[in-house]
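Starting from the known structure of chain A, arrange chain B on it as the hints suggest.
Now for the letters of each chain:
2 protein chains.
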Amino acid sequence: MDDLPTPHAALHAALRAGLPADAVLTDPDVTASYAHDMASFCAAGTPAAVVLPRTVEQVQHVMRTATEHRVPVVPQGARTGLSGGANASEGCVVLSLVKMDRILEIDPVDRIAVVEPGVINAVLSRAVNEHGLYYPPDPSSWESCTIGGNIGTASGGLCCVKYGVTAEYVLGLEVVLADGRLLTTGRRTAKGVAGYDLTRLFVGSEGSLGIVVKAVLALRPQPPAQLVLAAEFPSTDAACAAVCAIMERGHAPSLLELMDRTTVQAVNRVARMGLPESTEALLLCAFDTPDPAADLAAVGALCTAAGATEVVPAADAAESELLLQARRLSLTALETLRPATMIDDVCVPRTRLAEMLAGTTAVAEKYALTIGVCVHAGDGNTHPVVCFDHTDEDESRRARESFDAIMALGLSLGGTITGEHGVGVLKKEWLARELGPVGLELQREIKRVFDPLGLLNPGKLF
Amino acid sequence: MDDLPTPHAALHAALRAGLPADAVLTDPDVTASYAHDMASFCAAGTPAAVVLPRTVEQVQHVMRTATEHRVPVVPQGARTGLSGGANASEGCVVLSLVKMDRILEIDPVDRIAVVEPGVINAVLSRAVNEHGLYYPPDPSSWESCTIGGNIGTASGGLCCVKYGVTAEYVLGLEVVLADGRLLTTGRRTAKGVAGYDLTRLFVGSEGSLGIVVKAVLALRPQPPAQLVLAAEFPSTDAACAAVCAIMERGHAPSLLELMDRTTVQAVNRVARMGLPESTEALLLCAFDTPDPAADLAAVGALCTAAGATEVVPAADAAESELLLQARRLSLTALETLRPATMIDDVCVPRTRLAEMLAGTTAVAEKYALTIGVCVHAGDGNTHPVVCFDHTDEDESRRARESFDAIMALGLSLGGTITGEHGVGVLKKEWLARELGPVGLELQREIKRVFDPLGLLNPGKLF
Numbered sequence: 001m002d003d004l005p006t007p008h009a010a011l012h013a014a015l016r017a018g019l020p021a022d023a024v025l026t027d028p029d030v031t032a033s034y035a036h037d038m039a040s041f042c043a044a045g046t047p048a049a050v051v052l053p054r055t056v057e058q059v060q061h062v063m064r065t066a067t068e069h070r071v072p073v074v075p076q077g078a079r080t081g082l083s084g085g086a087n088a089s090e091g092c093v094v095l096s097l098v099k100m101d102r103i104l105e106i107d108p109v110d111r112i113a114v115v116e117p118g119v120i121n122a123v124l125s126r127a128v129n130e131h132g133l134y135y136p137p138d139p140s141s142w143e144s145c146t147i148g149g150n151i152g153t154a155s156g157g158l159c160c161v162k163y164g165v166t167a168e169y170v171l172g173l174e175v176v177l178a179d180g181r182l183l184t185t186g187r188r189t190a191k192g193v194a195g196y197d198l199t200r201l202f203v204g205s206e207g208s209l210g211i212v213v214k215a216v217l218a219l220r221p222q223p224p225a226q227l228v229l230a231a232e233f234p235s236t237d238a239a240c241a242a243v244c245a246i247m248e249r250g251h252a253p254s255l256l257e258l259m260d261r262t263t264v265q266a267v268n269r270v271a272r273m274g275l276p277e278s279t280e281a282l283l284l285c286a287f288d289t290p291d292p293a294a295d296l297a298a299v300g301a302l303c304t305a306a307g308a309t310e311v312v313p314a315a316d317a318a319e320s321e322l323l324l325q326a327r328r329l330s331l332t333a334l335e336t337l338r339p340a341t342m343i344d345d346v347c348v349p350r351t352r353l354a355e356m357l358a359g360t361t362a363v364a365e366k367y368a369l370t371i372g373v374c375v376h377a378g379d380g381n382t383h384p385v386v387c388f389d390h391t392d393e394d395e396s397r398r399a400r401e402s403f404d405a406i407m408a409l410g411l412s413l414g415g416t417i418t419g420e421h422g423v424g425v426l427k428k429e430w431l432a433r434e435l436g437p438v439g440l441e442l443q444r445e446i447k448r449v450f451d452p453l454g455l456l457n458p459g460k461l462f
Numbered sequence: 001m002d003d004l005p006t007p008h009a010a011l012h013a014a015l016r017a018g019l020p021a022d023a024v025l026t027d028p029d030v031t032a033s034y035a036h037d038m039a040s041f042c043a044a045g046t047p048a049a050v051v052l053p054r055t056v057e058q059v060q061h062v063m064r065t066a067t068e069h070r071v072p073v074v075p076q077g078a079r080t081g082l083s084g085g086a087n088a089s090e091g092c093v094v095l096s097l098v099k100m101d102r103i104l105e106i107d108p109v110d111r112i113a114v115v116e117p118g119v120i121n122a123v124l125s126r127a128v129n130e131h132g133l134y135y136p137p138d139p140s141s142w143e144s145c146t147i148g149g150n151i152g153t154a155s156g157g158l159c160c161v162k163y164g165v166t167a168e169y170v171l172g173l174e175v176v177l178a179d180g181r182l183l184t185t186g187r188r189t190a191k192g193v194a195g196y197d198l199t200r201l202f203v204g205s206e207g208s209l210g211i212v213v214k215a216v217l218a219l220r221p222q223p224p225a226q227l228v229l230a231a232e233f234p235s236t237d238a239a240c241a242a243v244c245a246i247m248e249r250g251h252a253p254s255l256l257e258l259m260d261r262t263t264v265q266a267v268n269r270v271a272r273m274g275l276p277e278s279t280e281a282l283l284l285c286a287f288d289t290p291d292p293a294a295d296l297a298a299v300g301a302l303c304t305a306a307g308a309t310e311v312v313p314a315a316d317a318a319e320s321e322l323l324l325q326a327r328r329l330s331l332t333a334l335e336t337l338r339p340a341t342m343i344d345d346v347c348v349p350r351t352r353l354a355e356m357l358a359g360t361t362a363v364a365e366k367y368a369l370t371i372g373v374c375v376h377a378g379d380g381n382t383h384p385v386v387c388f389d390h391t392d393e394d395e396s397r398r399a400r401e402s403f404d405a406i407m408a409l410g411l412s413l414g415g416t417i418t419g420e421h422g423v424g425v426l427k428k429e430w431l432a433r434e435l436g437p438v439g440l441e442l443q444r445e446i447k448r449v450f451d452p453l454g455l456l457n458p459g460k461l462f
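Residue numbers (UniProt numbering), protein chains in the order written: chain A, 1 to 462; chain B, 1 to 462.
Next comes chain A alone, as it looks inside the complex (with noise of 0.2 Å):
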């Protein structure tokens, strides 16, 4: 075999001893291929392979082998995460799961779906919507991301103001375990409470407690279509009081996000649509009640009353569509303003967003950047987008610096560094802080308790 010579032989050939031919990928281009995800300023190694598995056995024999000949292994399902989390270490097995890809049970009764981790989070939401049922989490890499992406980060998205992230979803698992045994946890009932819940422990641990290669996970029944608001506002403060005061009147928006000017800009800027230019922020809000206009005429009410400029509710199901694709596009429309981005992740209470606004603006400015923010307004969680010259060593510099400040203000908001993207490579240093000594020793302990050998996903989290 050609690859006998090269340092990794015995690793290859004791891993294709239980994998088939075409599930180990050894060809350094095509693992180099592997070997990041989305995030910038994120560091990673050379894998000494990439593996394919089909099935459950196929896993184990992974993580055998690896337990075996010491060898870390990164999990991987579509690398669309923004912080790291599914880099390749040096050396280590990449475990993509992204052959594994069935959706094994949907159950419009029990309200369940049980599906391997490899699912793209568009099908199953699709393949659900055929039954009138709905899986909520969207994030906004949702037409490429995995479930099992989406369990490994806790993943969230547009509908979390109402619907919660991933984690409200996840029932129950099966786990390949580092040594290869399998675990199942949780249920498939609504409702347990047999034992600590190991099943919300590996939602969020981004891959470094166990390999997910199975899935029940609970479904909603589909609401209507919602309806769709826009409103411009003089001010962020004045778009946060809106928001403050459509959380405090008790209204349930099924989606209540913000957009600078910046990111309306840039929105424009690649697509043309049409969104209003001279506002500081741009407010939607929408609403998948059983009368969504009157729902959104009384926010509206709040909004002028906040100091909207403008409130415009979409007419029908095509106008909100237009709106939320504005809204979708604007990662991708900030990215063109300078060659690289950041993307922060801070979430602060919805009482302190208007600060944490005003703050972010005021790091731009003291590092002398383009900072664009859009934000899942009614959960507080911001994504201040950096733009700048990675080829320039001040600029980058500030980048990082800046992004750092906004952490910083995040904490001392009393938010936290991640609401929805993770924390992988980019934050391991800030999870410490959010942590404190006493927590950050409580997770590792935990970490050692299912990896004592330290082989799933090493340099990832603290």
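Each hint should be verified, as a subset may be incorrect.
A pair holds if it fits inside one copy or across any two, identical chains being indistinguishable in the list.
[What the hints assert, rightly or not] Within a straight-line C-alpha distance of at most 25 Å, the following computed SDA-like cross-link-like pairs (lysine to any residue) qualify:
1. 366 / 354
2. 214 / 440
3. 162 / 294
4. 428 / 182
5. 162 / 221
6. 162 / 250
7. 214 / 98
8. 162 / 225
9. 162 / 108
10. 162 / 252
11. 162 / 106
12. 214 / 436
13. 214 / 432
14. 214 / 437
15. 214 / 438
16. 428 / 454
17. 428 / 181
18. 428 / 367
19. 162 / 134
Just so you know, these hints were derived from the structure itself, not from any lab.
As the structure is a prediction and not an experimental result, all values here were calculated from the model.
Just chain B now, with coordinates in the frame of chain A:
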């Protein structure tokens, strides 16, 4: 001091060194009253002391003292638990949190409450109602049980079918660890994925990992008052078919409860409610939607199609409240049938509910016992109440065996041994069966991370 000659004199003195005099109870007659929660068939030891701290520092003092003296600590709320999870172990310090009963914060914009663990569920519920907010978890003991106890067992209630269990409402915790250190977990933001979800690990851990001394709880906007419908069925099979049809059609009832004939008759006997005694299963369904009457009409039609002999929507809130009272009385009423009861808590996928109820009837026949069943039908969460005479040795044995047979049945149907009551002492052996050896081993290792000396609520769970 009068307790100096007792075997626990040194412990008492050490506890008193950091606690007010009235916060340390050592009179055996008094401490004995803290030995038991509400479960039958669960052994309890004699406490060495009962402490009633009022501050976090006092709880830390208790844990440091317990660690120093190697004395087990059993945390307690209102002792309304149904699995012996709060029963004293021999020579333990009972750590009652009932004096830490302050609501520290209610924020209608962030939709959170910050509370101490001893706050009574109903007290919190009413306090947040005054702000137009809603704290859903409503175990049947809600007028007396504490939030800390609810967190310990991840309690459910009648609302779960629409609003989920306690776990879904705990955003962050402050926890005193076994050695007295203070750990902060989670967040007060709507979202957050920084590190492993330790918050959720504590929820449902039955006081075995640490002492919750503060909780950040998520709140919801207060929904409209619910309107209730009652439907009579000639068989539990037909009632369960209606439950499946209701859920399959995408309805979101705020309550979907089933009472079997034994329960209906028992309730009539204690409260003269005039419930229909000839029916085999009485289904209660409620909606708190904008147009509950329309939703109830749709559900009523589904009930009729499934074979209901009578469908009676409540005309107004008062009639609805009467029907709910009947349901809430079920356990109390069943307790009057025989001198003692054991309440099971098996939860199955709702597609298997009919088999679960038929199987429970078969168990009652096999063991020649009265077993009344009330069910959170929308969740598949059954409460078979085994009624027996605990002074009759043979009947007691049959009761215990029937209880086990019901759990075995639940597991065989893909269910869990406990939907909301927890494992405690009562279901320890069954937890091992549900989790399997790999899961059990990992749970024990996690316990060791938090409590290496095994001082926290020993002998519970596993």
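Let me make sure I understand: some of the numbered hints might not hold for this structure. Which ones are they, in numerical order? Checked against the structure, no hint fails, so every one of them is satisfied.
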